[in-house]
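Novice: Sequence:
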Amino acid sequence: MFRSRSLLKRKLSSETEGQCFKQKYRESVMSNAIETPIKSPNDNREYLIIRLENGLRALLISDLSENNDVDADEDSEMEESDVDEGDDEESEDEDSEGEINSLSTGKQNEKLCKKAAAGLCIGVGSFSDPEDLPGLAHFLEHMVFMGSEKYPVENAFDALIKRSGGNDNAETDCERTIFYFDVHTKHFRSALDHFAQFFISPLLKIDSMQREMESVDSEFQMNLTSDSLRKQQLLGQLTKVGHPMSKFMWGNLKTLKTDPAEQKIDVYARLKEFWQTYYSAQYMTLVVQSRETLSTLESWVKESFSQVPNNGLPAFNFDHFSNPFDGTLFYKMYKVIPVKNIHQVELMWSLPSLQKHYRIKPHCYIFWLLGHEGEGSILSYLKSKIWALSLYSGNDETGFEHNSTYASFTVTVGLTEEGLDNLFQVITTIFQYLEMLRRHGPDARIYSEIQTIEKNNFRWQEETDASDYVQNLCENMQLYPPEDYICGDQLLFEFDSQVIAEVQNLLVPDRCNITVMSNRFEKEKGEKKYEQWFKTPYFETEIDPDWLLAWKNLAPNENLYLPEVNKYIATDFEIKQPDRPESEFPVKIVDTPQSCLWYKKDTKFLIPKAYVYFHLVTPFVNSSPQTAALLDIFVNVLAQNLSEAIYPADVAQLFYNLLGYETGLVIQVYGFNEKLYMLLETILNHIDHFTVNKDLFEAVKNHLIKQYYNNFIKPGKLCTEVRLSLLQQYHWTVIDKRAAILDINSDMLGPFVNNLKSHLFLEGLVQGNITSKESLEILALVESKLNCKPLPRHLYPDIRVMQLEKGEKLCSVAVFNPEDSNSVVTNYYQSGAGSIHNSCLMELLIALMEEPCFDVLRTQQQLGYNVNCMFRNTFGIVGFSVTVHTQADKYSCKLVDERIEAFLQLFLNKLVSEISEKEFETQVSSLIRLKSCVDLRLKEEVNRNWSEILCANYLFNRSQLEIDDLKKISLADVRTWYKDHLWSGNKFYKLGIQVVGNQSKDGNQRAETKRHQSPHNLVHCSEKASRSHSRGELNKTVIHQLSKDLVDETRQKSYELQFLKDPESGNNQDTYICDVMRYKEGLALFPVVKIVK
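Everything in the sequence shown is counted per our numbering, starting at 1315 for the first residue and increasing by one.
Just to be clear, a hint being listed does not mean it is correct.
As the list claims (entries may be wrong) - Cut-off 30 angstroms, straight-line C-alpha distance, at most; resulting in silico cross-link-like pairs (DSS-like, lysine-lysine):
#1 Lys-1890 to Lys-2087
#2 Lys-1649 to Lys-2031
#3 Lys-2253 to Lys-2293
#4 Lys-1654 to Lys-1519
#5 Lys-2031 to Lys-2099
#6 Lys-1890 to Lys-2008
#7 Lys-1918 to Lys-1989
#8 Lys-2120 to Lys-2394
#9 Lys-1519 to Lys-1649
#10 Lys-1646 to Lys-1519
#11 Lys-1842 to Lys-1654
#12 Lys-2407 to Lys-2282
#13 Lys-1649 to Lys-1881
#14 Lys-1843 to Lys-1881
#15 Lys-1649 to Lys-1890
#16 Lys-2123 to Lys-2099
#17 Lys-1649 to Lys-1464
#18 Lys-2120 to Lys-2224
#19 Lys-2253 to Lys-2394
#20 Lys-1654 to Lys-1670
To be verified - Label-pair restraints from in silico Cβ distances:
#21 Thr-2385 to Ala-1575: 23 to 31 angstroms
#22 Asp-2009 to Pro-2106: 52 to 60 angstroms
#23 Asp-1886 to Glu-1808: 24 to 32 angstroms
Read the hints as simulated data drawn from the structure, not as lab findings.
Values in this document were obtained by computation on a predicted structure and should not be read as measured data.
Built from N, CA and C at the ideal position, the CB exists for glycine as well.
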């Protein structure tokens, strides 16, 4: 994937080998081993850094802390000829549906295991793209996985990973490309050797190029509606000619196929040349982690990676490109029309690269102050004026915003309507705060506080997923000296007031770019321009001279001042002794008509942290779309009321969540246990004395109106909403809530909150470094502050699910964004009431299906970038689904649906005639291993237990029961079940959801050249138009109306689903659902189902 947003913590960019590293590296070049990196005292793993003779540097991590893996002889051996799969991308509609998904939870059994992982970072990225082949680095990242000389089967590596219970992926950034995978320990050696061959002798097969070009293009098309990426690409347009940031780094069919063909460029030859130039050992850093000794890992790495070629070329960098931006373009105001309904202003400064100051992190100190939300902060003042509800200071964690040529510094404010009207005053407030910081000078006390917080966090750092960890470290190895590989991006090592002051002095008004995003600009007068690649509409204007003059003489703002001493910073890290007998699972220590409290003292992780979760159960919040919207308003207003008081807790690693559910309100507080009670008490006091300012109410209401809209314009989210509204007896979609919220006023919120609190059942979990006595005190606090009456048992809310009709039903709806060509097709196959047995059987089926599903629908047929199949558990009613994200100007939803059905039939043949008993046993063992994986963090264990409580299952040993059941399932069981649930079977209950995108401006031409295209001619159910009308013809009217709606978006605008039918369906018109409520009236309801023993 193209790395648009890093999954990792912000890392400081540098040249391939940082200056501070070079000297130490030269000193150790004659030695195989380099010094050990500094690690957390809580980290029990062993580390070793080595350098191979070809120049590749490797960090070896021996993780023997849990020395109890599943017996090796439980697994069947896999033959190399059996593997041929591709990785599975997550889609935005993969949601949790009430019941816990047992595939990813439950990890108690007598034999526990961890995954092994490897990550390799190459010091090259999209900055190195040739001028005439934009996106080549990203394209090569895709092509590298298409087989090697030693393992020539195209999807051999991906299939090996999937069969072994792992995952693999890659991402391309501006100056680096990262490849990574994780796998069960037993198969790590084999997977590591497969992995190494991609960098020794990849096939880069010419017959794979077209398919992977399609994949790159689909990835780009899927992100066309991302406002953050559109803004980033627009920023690239402001750079100096020839600067690498001006390049189009994604790549698409135009840059990789059409244009090169016209210019007679041999893309294949250039691809191989790029690989030979940049995929060289001296630019590579490798991290491997496994349950092996360091000496074993060292021998494996040497055996597999010593043959990676070193072309002998000198290190390359982009240091000579200093400030990337053209001042005549950058120091202006840009008014951008976003896809989402938002009002936002972003101030951005271009700073010199700060890598050499990574030990000081001057920008982090300033970010911390500008982003503060407590008293005296920018946001506190803006909220008091109802000009803003959010503020973010930092950067977007992409190589684009922090690389070796510069470092961006941004302040982004989420504006209210009034804030946009008072834009000058909002920006002035930010400049006043910066001026206050310059006058005051860098504050050693505040810097010390940040140091202490980060130091505490590092000291008690818990283990992360192996895959995430190796990704992070292999990139850190490109940025920091060896001793700081682990801590370099986390700690603030030393205070230097001069360095901080130098950065502060650069953050002045006349060096600032101002970008404002708002749909209001649709009506803006002047020349509307369009960014070349994303076609983002914008207006370019000079900053008002009167504004600039006013900012040169800024008067102090008495409402802005530095934060006080943080009372939430932890100082007591004692590990408490248990005050009751230890237990493997949570124990119910209170059970009354009013409350139920589960408790578990942590005796495994031994960190000074605790988790306190409470579910305030009530049927009242889900009784109508109006009450559901009122709950959202309450949660958001409460969060705004709380932010100033408890933001210091947040920065001190004490966190809270307020979550609205269909069954009530969930309150979560967690972090260092010493002051957790104080945090919870503050939250409960605000609930107890809840008030709402009318102006704040209106601001939150407007924010939610926009937020609802911004959700249902996403095809994946809309697909989920439609599916759940059809499956659940009552599911209020964001469209329903947006309609209801329009009639809600501030006078309605107080009575709603009082009704919510009047009768509740309180169910909680307290787990971690906390005693049972303290837990009882916490429950007493909750009960006293809420002061509610017990909820009668018969009023406990239950979520009921509809029983689908036998056969096939389709629900096809149009996307709301007229410029979005992305379509989503989800075919859901309902089985019925869930049990441990049928859940395990379906998980096994999905595990067997995952590889061929991805290989056929994505790799071979290229239907879309995101393709997945998954087991679905909807409040106890189970089934499975296949989802494809595609583009309307490439494939119709009808065709995708047909291809899914064809694949399912193909898979039946594979299941019956190709999958052997040996392969099946291997898959069973792999799934058992997955369920046996040890919890890496206390939070994992807590959330698993909480899921059981929240769903009222209380089956804390679920995983062990599933493991026992998996051992009993036969291949014949899976074959029989699957055959029964296909269209020809006697248990075929299919619900197809299709969210239909709009063809892009050149979509018709592209579709005509697409040999797979089978146009899905759809008409609105309410339309009386002739069936000869095509979807494209009908869209002329629809798009015009939607565009008008988008331009003239007001609070009173209503939105409804636009149901579509296929005019070619003939007598099968009844297959299409065009009225959700009417359809459900004819369905039976399943009883309430709990998947328990």
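Novice: Next, verify each hint and record whether it holds.
Specialist: Cross-check of the supplied hints:
no., hint, verdict
1, Lys-1890 to Lys-2087, "holds (12 angstroms)"
2, Lys-1649 to Lys-2031, "holds (28 angstroms)"
3, Lys-2253 to Lys-2293, "violated (40 angstroms)"
4, Lys-1654 to Lys-1519, "violated (40 angstroms)"
5, Lys-2031 to Lys-2099, "violated (37 angstroms)"
6, Lys-1890 to Lys-2008, "violated (46 angstroms)"
7, Lys-1918 to Lys-1989, "holds (22 angstroms)"
8, Lys-2120 to Lys-2394, "holds (14 angstroms)"
9, Lys-1519 to Lys-1649, "violated (45 angstroms)"
10, Lys-1646 to Lys-1519, "violated (47 angstroms)"
11, Lys-1842 to Lys-1654, "holds (18 angstroms)"
12, Lys-2407 to Lys-2282, "holds (15 angstroms)"
13, Lys-1649 to Lys-1881, "violated (41 angstroms)"
14, Lys-1843 to Lys-1881, "violated (50 angstroms)"
15, Lys-1649 to Lys-1890, "violated (56 angstroms)"
16, Lys-2123 to Lys-2099, "violated (49 angstroms)"
17, Lys-1649 to Lys-1464, "violated (54 angstroms)"
18, Lys-2120 to Lys-2224, "holds (25 angstroms)"
19, Lys-2253 to Lys-2394, "violated (39 angstroms)"
20, Lys-1654 to Lys-1670, "violated (38 angstroms)"
21, Thr-2385 to Ala-1575: 23 to 31 angstroms, "violated (42 angstroms)"
22, Asp-2009 to Pro-2106: 52 to 60 angstroms, "violated (38 angstroms)"
23, Asp-1886 to Glu-1808: 24 to 32 angstroms, "holds (27 angstroms)"
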